[in-house]
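The chain contents come next:
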Amino acid sequence: MNALALYGRYVATSLRAQAQYPTATLMLTAGHCAATAIEILGVFALFDRFGPVGGWSFGEAALFYALVNIMFSLADMLSRGFEVFGTDFVRTGAFDRVLLRPRAAALQLAGYEVRLSRLGRLLQASVVLVFATNLAPIAWDASTIAIAVWAVAGGVALFAGILVLQATLAFWTVDSLEIMNVLTYGGVQAAQYPLNIYAAWFRQVLTFGLPLACVAYYPVLAILKRPDPLGAPDWLLPLAPIAGFAFLALSFVAWRAGMARYTSTGS
Amino acid sequence: MPAARPYFAAFRARFQLMLQYRAAALAGFATQLWWGAIRILVFAAFYGVNAAAAPISLADAVTYVWLGQALLALQPWIADPEIGQAVRTGGVGYDRLRPLDAYGYWYARSVGWMLARALPRAVLMVLAAGIVLPLVGLGDWAWQPPSGVAAALLFVPAFALMTMLGAAVLMLANIIVAASLNERGVNAVLTPLVIVFSGSLLPLDFYPDALRPFLHLQPLAGLVDIPFRIYFADLKGAAALQGLALQAGWTLALIGLGRLAMERMMRRLEMQGG
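Protein chains in written order, with the working numbering: chain A, 13 to 279; chain B, 79 to 352.
Hints listed in this document are in silico derivations from the structure and should not be mistaken for laboratory results. It is possible that part of the hints are untrue.
[Said to hold, decoys possible] A few chain A residues that face chain B, going by a derived Cβ cut-off under 7 Å, partial list only:
no., residue
1, Val186
2, Glu190
3, Ile209
4, Trp213
[Said to hold, decoys possible] Computed spacing ranges between beta-carbons, pair by pair:
no., chain 1, residue 1, chain 2, residue 2, range
5, B, Pro291, A, Thr145, 27 to 37 Å
6, A, Gly105, B, Tyr172, 42 to 52 Å
7, B, Gln296, A, Ser69, 27 to 37 Å
8, A, Gln32, B, Met349, 25 to 35 Å
9, A, Gly105, B, Arg262, 24 to 34 Å
10, A, Thr145, B, Gln296, 25 to 35 Å
11, A, Asp240, B, Leu213, 31 to 41 Å
12, A, Ala42, B, Leu216, 52 to 62 Å
Note that CB positions come from ideal geometry on N, CA and C, so glycine has one too.
Please put together the full structure from these sequences, using the hints given.
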């Protein structure tokens with residue numbers, strides 16, 4: 013069985029397991045939807061009170077919010093194995109079993125669990141996307157849809173990269189560090205507003221350190237057909253999401269370094 | 079007061095146990111520091127375009143954010159995980175055998191759980207946001223001390239009441255968990271409600287003006303919005319006293335409601351094997 017078919021079987025197993033408890037899965041999804049949807053309330057209240065900021069109306073800012081949340085929900089759904097890697101695999105010694113199987117460890121972890129409840133965030137982000145389309149307004153055509161899909165793909169890669177890094181840290185720390193939430197949830201929080209409203213140092217962090225701007229801010233400018241108020245050239249805007257894939261590739265380099273020094277906890 | 083001793087002992091035992099989790103406190107602190115910084119950057123952007131529209135000054139908003147991050151663990155976001163466990167394993171049977179008021183016992187333990195998680199993070203946050211930030215020249219973004227002696231004195235009861243109100247809300251969640259044997263559903267409803275209506279997400283006055291009368295009177299305002307506005311003297315004099323009265327009134331009401339619900343729940347409680 014090739015890797016893709018194996019991954020497909022992992023996913024199918026995980027989905028079947030959750031389908032055994034349909035009510036619980038639906039309730040968890042609804043709960044996740046409500047818990048993550050309150051952020052847009054905050055964004056709305058701020059725009060309602062202060063008016064446009066940095067040249068952005070609420071409708072346009074909602075597009076950032078929607079895309080970032082869609083990216084994160086998909087990455088969060090698909091990378092569960094990496095998220096719980098420290099707690100459930102390294103500390104318990106379960107990773108030894110993973111290593112014994114003649115398949116890449118990363119593939120097994122990626123297929124560990126596909127959590128449907130994370131679609132709750134996707135759901136609310138999609139609703140926000142519909143509102144943003146009407147409010148902004150955004151003209152969806154083949155090219156803007158292509159940019160959006162490409163940006164989401166880059167964003168999923170970026171957030172998955174962060175989760176792989178979180179797992180990699182566990183080779184040294186043995187436990188999963190909550191501190192990486194700073195990059196995942198904190199990243200969503202930061203990238204759901206347009207970049208140019210932030211102070212300069214923070215813009216640089218979000219462009220060159222953790223390239224969230226490349227998967228959210230620049231492609232959204234391209235979708236809205238706006239020049240960058242900060243002066244990035246127009247041709248760069250739709251290309252920027254490639255940074256997400258670069259980040260994921262670097263994360264896997266770190267992952268391999270971690271694998272090389274893995275010693276079992278012996279539990 | 080010998081009658082209060084067992085409740086105090088329950089509080090102290092839980093408090094000391096929770097203080098042991100130092101790594102969790104450090105990780106929580108770092109997360110909250112970053113979170114606070116993002117919140118403040120967003121506020122700064124909006125104040126930059128239209129500061130006149132804001133109900134409070136930027137300095138007060140910054141203090142509000144830091145206070146909120148420091149005292150985050152006092153917020154009743156999730157039911158006490160030990161209650162759910164005690165009910166599922168049958169451990170709650172031991173609680174029924176104690177010659178104590180069951181509500182008072184759980185309440186004291188909940189207060190201990192919340193305070194022990196909140197206080198170490200609050201101390202670290204005072205150090206970072208109140209002392210280090212001004213020292214490195216970022217005084218504009220620092221956690222300011224209370225606005226005057228009166229505000230500081232009024233904040234003492236406000237803080238006590240916000241803790242007691244938080245525990246009263248938490249107890250309602252605990253009771254539902256005990257009745258339904260599952261905390262996930264309760265937490266899914268509780269967390270967003272508390273984050274929005276306490277003023278954790280945004281100070282309540284930032285929401286549309288038409289909602290103000292309702293937002294100011296609802297019980298969860300006493301968890302964040304009222305005590306913090308007392309701290310920087312946005313509520314002072316009669317308004318501050320009114321705020322304290324609201325906190326106290328809702329605390330008593332929710333404790334009363336919790337006691338009633340607990341009595342009913344305990345009568346129907348079926349012991350789980352464990």
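How the hints compare with the structure:
1. A cut of 7 Å between beta carbons decides the hint on Val186(A): the least distance to chain B is about 11 Å, and the hint is violated.
2. Among the interface hints, the one on Glu190(A) holds; its C-beta lies about 4 Å from the nearest C-beta in chain B, closer than the 7 Å criterion.
3. For Ile209(A), the interface hint holds, the least distance from its beta-carbon to any beta-carbon of chain B being 4 Å, beneath 7 Å.
4. About 10 Å separates the beta-carbon of Trp213(A) from the nearest beta-carbon of chain B, more than 7 Å, and the hint is not met.
5. Our hint of 27 to 37 Å for Pro291(B) and Thr145(A) holds, since their Cβ atoms are close to 34 Å apart.
6. Hint check: Gly105(A) to Tyr172(B), Cβ distance near 33 Å, so the stated range 42 to 52 Å is violated.
7. Separated by about 30 Å at the C-beta atoms, Gln296(B) and Ser69(A) satisfy the suggested range of 27 to 37 Å.
8. For Gln32(A) and Met349(B), the Cβ-Cβ distance of about 27 Å falls inside the hinted range of 25 to 35 Å, so the restraint holds.
9. Between Gly105(A) and Arg262(B) the beta carbon distance is about 28 Å. The supplied range of 24 to 34 Å therefore holds.
10. Distance hint check: the CB atoms of Thr145(A) and Gln296(B) are about 34 Å apart, consistent with the given range 25 to 35 Å.
11. Checking the proposed 31 to 41 Å range against Asp240(A) and Leu213(B) shows it holds: the Cβ atoms sit about 36 Å from each other.
12. At about 41 Å, the CB distance of Ala42(A) to Leu216(B) disagrees with the hint of 52 to 62 Å.
This entry does not satisfy hints 1, 4, 6 and 12, going by the numbered hints stated previously.
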